[in-house]
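Could you build all of it, start to finish, from the sequences and the hints given here?
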Amino acid sequence: MNRRWRIGLTSIFIALVVAPLLLAGFVAPYPYAEQHREYPYAPPAAVRFVKARPFVEVGGRWCEVRLLPGNGRLFGVAAPCVIFLSGTDGNGRDVFSRLLYGGRISLMTGLLSAFLSLALGLAAGVVAGYFGGWPDWLLMRGGELVMALPWLYLLLATRALLPLHISAVEAFVWPAAIIGAVGWVRPARLIRGVVLSGKERGFVLAARGFGAGHAYLIRRHLLPLTGSVVVTQATVLIPLYMLAEMSLSFLGLGVEEPMPSWGNMLTEASHYHALILHRWLLAPGVAAIPVLLGFLLLADTLLDGRHD
Amino acid sequence: MKYLGWRLLHGVGLLALLSLLSFMLSQVASGDFYSQLRNDPRISPETVAALRAQAGIDRPFPIRYAAWIVAVSRGDFGYSLAYHRPVAPLLEERIGATLILTGAATLTTWLIAVPLGIWSAARRGKWGDRVSTVAVSLVLAVPDLVLAIALLVLSVQTGWLPAGGKISRGYAQMGSIQQLRDVAWHMVLPVTVLVAGSTPVLIRHTRASILEVMEAPFAMSARAQGIPRRRLLYRHLLPAALNPLISLLGLSLGSLLSASLLVEIVTGWPGLGPLFLEAVMERDFAVVLAVVMLSAAFLFIGNLVADLLLYRFDPRIRTVD
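Line by line, the protein sequences are chains G and R. If you want my numbering, it's the position in the first sequence, counting the first as 1, plus 9. If you want my numbering, it's the position in the second sequence, counting the first as 1, plus 1.
Think of the hints as simulated: they come from the structure by calculation, not from any bench. There may be inaccurate statements among the hints.
If the Cβ cut is set under 8 angstroms, some of the chain G residues that face chain R in the computed set are [claimed, not checked]:
1. L18
2. P159
3. Y162
4. L165
5. A169
6. M255
7. S256
8. A278
9. L284
10. I285
11. L291
12. G294
13. A297
14. I298
15. L302
Calculated from the model, a selection of chain R residues having no Cβ within reach of chain G, i.e. all distances over 12 angstroms [said to hold, decoys possible]:
16. L5
17. L16
18. S23
19. G79
20. G97
21. K127
22. Q174
23. S222
24. R224
25. H237
26. F277
Every residue gets a Cβ at the ideal spot worked out from N, C-alpha and C, and that includes glycine.
Structure, rendered in structure tokens:
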């Protein structure tokens with residue numbers, strides 16, 4: 010299979026697994042915070058097809074699952090019935106719905122922090138590579154300082170600087186900001202390399218000879234050269250940062266309840282009672298696998314292209 | 002040798018700067034160990050102030066930093082406010098537990114990954130290589146966290162493995178061989194997770210670096226001269242492909258203290274990971290600083306070892322000097 014096909018196929022795969030997360034408000038049968046107090050730790054619903062019509066069992070009764078039941082959701086059941094495709098947690102919240110909303114938050118954190126890392130890395134890399142001298146020295150030594158610490162330790166230590174409990178919106182933005190800010194070094198080094206070699210290229214020297222200013226040279230000639238490195242780094246960083254978000258939230262230092270994320274949902278899954286009795290709480294972890302796989306495959310394909 | 006001295010100096014400077022920076026950051030961090038006491042109506046603000054004075058965290062910054070540096074140079078990492086005991090012995094226990102875990106995991110990873118990587122590269126494009134490439138991608142996509150919880154579920158359901166922790170109940174009454182077996186038994190699960198996390202990466206790097214030298218002109222010439230496949234692979238290609246692997250070895254040595262943080266916390270292994278997390282939560286900065294500095298030092302030493310090994314094994318680097 011040639012490279013272009015592989016990129017296309019993995020992109021389609023990513024779009025397919027990510028779409029339900031982005032459309033969580035439509036695909037999920039319940040809002041993420043809705044509690045069904047009378048059904049704590051309900052196991053995943055049994056689905057059965059009778060004459061090609063799906064039914065779920067709730068407390069011994071069978072209820073028909075309707076597509077587009079008219080409440081703005083993709084599917085649902087009529088009022089007294091409930092549908093928990095992946096069971097419920099201790100508060101009677103639908104794990105399947107929370108998994109979709111939580112996936113959206115984990116994905117957004119990954120995208121946001123990757124964007125931040127790349128923006129910082131691009132700025133630092135271009136300045137260091139183009140101007141050289143003391144800005145270069147300062148930025149690269151600063152980078153060494155950041156790289157001198159194991160990554161997760163750095164994340165936790167940075168998180169230690171912030172108050173432990175913060176508001177819901179902050180609780181979503183801060184983890185992304187920390188993860189993104191901590192990860193600028195690697196993209197910065199790569200981009201610095203590209204800029205260093207790029208500024209000696211013939212067309213750049215020619216443009217400079219014609220009297221082009223720094224801003225013009227960087228914007229018009231050097232930034233376009235960094236394009237492929239930036240795209241490749243983005244596909245490498247997104248899954249990495251989704252994992253980082255999962256780890257932070259799992260440890261209780263990232264996205265906080267009642268907002269779901271794949272990390273903080275797994276916290277309950279690791280409790281002893283869940284290991285024995287409520288195994289369906291592990292569902293968000295399983296859901297993470299295809300999404301991560303998609304990004305990893307795309308990154309592989311793009312990295313492969315470098316040697317061709 | 003001059004190179005070694007230069008590197009050591011560079012590293013010490015880096016660590017000193019890092020310590021200054023982390024110290025300054027712990028200064029601007031919101032709250033300290035005693036902040037929570039302020040919410041308690043039974044404790045007067047004066048008491049809190051007195052406690053802070055006793056712990057010495059109300060002194061000005063330069064004095065505290067100087068005192069810390071002097072203490073650390075004597076091997077004294079200060080006093081943990083959360084554990085009510087000096088940090089150094091506390092760390093010693095925890096480091097021991099972490100090193101057994103990561104040491105075993107690193108050894109296993111290298112023993113599995115390098116042969117598999119070589120095998121895969123030698124069979125490039127055949128179905129064995131394809132299956133292993135796909136398997137590697139799949140394993141890579143399973144987060145350590147999820148694998149750890151899934152294995153815990155499995156061991157709780159089947160009773161094949163102990164569900165977390167380091168020792169069983171009644172450990173004190175066991176004979177020393179039984180004790181050893183007990184700890185080893187508890188290690189199986191976390192080590193499996195760590196190995197599953199790091200093996201795919203290493204397999205890939207091994208495979209890629211061997212494939213790269215396979216295409217080098219010297220390899221083609223050796224093949225043309227009729228050197229047998231096996232001899233070509235192990236005597237000519239492997240030494241030439243060693244360079245990136247040695248760098249990776251340095252990285253794995255350097256992350257011996259830090260690689261298992263998450264897995265330790267999930268499986269309840271009493272290592273450095275849970276200690277660090279607690280210290281972060283409790284604002285026990287003496288412990289946070291000590292762990293940060295130690296793990297940074299480890300990372301530096303790992304890289305240094307890798308550089309020395311590279312210097313020893315790769316003649317191309319020696320000629321640059």
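| task | Double-check M255/G for me: the hint is only fine if its C-beta lies closer than 8 angstroms to a C-beta in chain R. | result | Because about 6 angstroms separates M255/G from the closest Cβ in chain R, which is inside the 8 angstroms limit, the hint holds.
Once the shortest beta carbon distance from Y162/G to chain R is found, is it less than 8 angstroms? Cβ of Y162/G sits 6 angstroms from chain R, so the hint holds.
Q) K127/R: least C-beta distance to chain G exceeds 12 angstroms? A) holds, 17 angstroms
*Double-check L284/G for me: the hint is only fine if its C-beta lies closer than 8 angstroms to a C-beta in chain R.*
Holds: closest Cβ of chain R sits about 4 angstroms from L284/G, inside 8 angstroms.
Any CB of chain R closer than 8 angstroms to the CB of S256/G? holds, 6 angstroms
Hint check: is the beta carbon of P159/G less than 8 angstroms from a beta carbon of chain R?
Holds, because the Cβ-Cβ distance from P159/G to chain R comes to roughly 3 angstroms (cut-off 8 angstroms).
* Asked: Closest CB-CB distance from H237/R to chain G, is it above 12 angstroms?
  -> holds, 21 angstroms
* Taking the closest Cβ pair, is L165/G under 8 angstroms from chain R? -> holds, 5 angstroms
Interface hint for A169/G, Cβ within 8 angstroms of any Cβ on chain R: holds, 4 angstroms
Classify the label on S222/R as holds or violated, using whether its beta-carbon is more than 12 angstroms from each beta-carbon of chain G.
-> Correct as stated: the minimum Cβ-Cβ distance to chain G is 21 angstroms, above 12 angstroms.
Discussion item. Next item in the hint list is A278/G. Is there a CB on chain R closer than 8 angstroms to its CB?
Written reply: holds, 6 angstroms
- Given as non-interface: Q174/R, partner chain G, CB spacing beyond 12 angstroms: holds, 25 angstroms
When the structure is compared with the earlier hints, violations turn up for hints 1, 17, 18, 26 and for no others.
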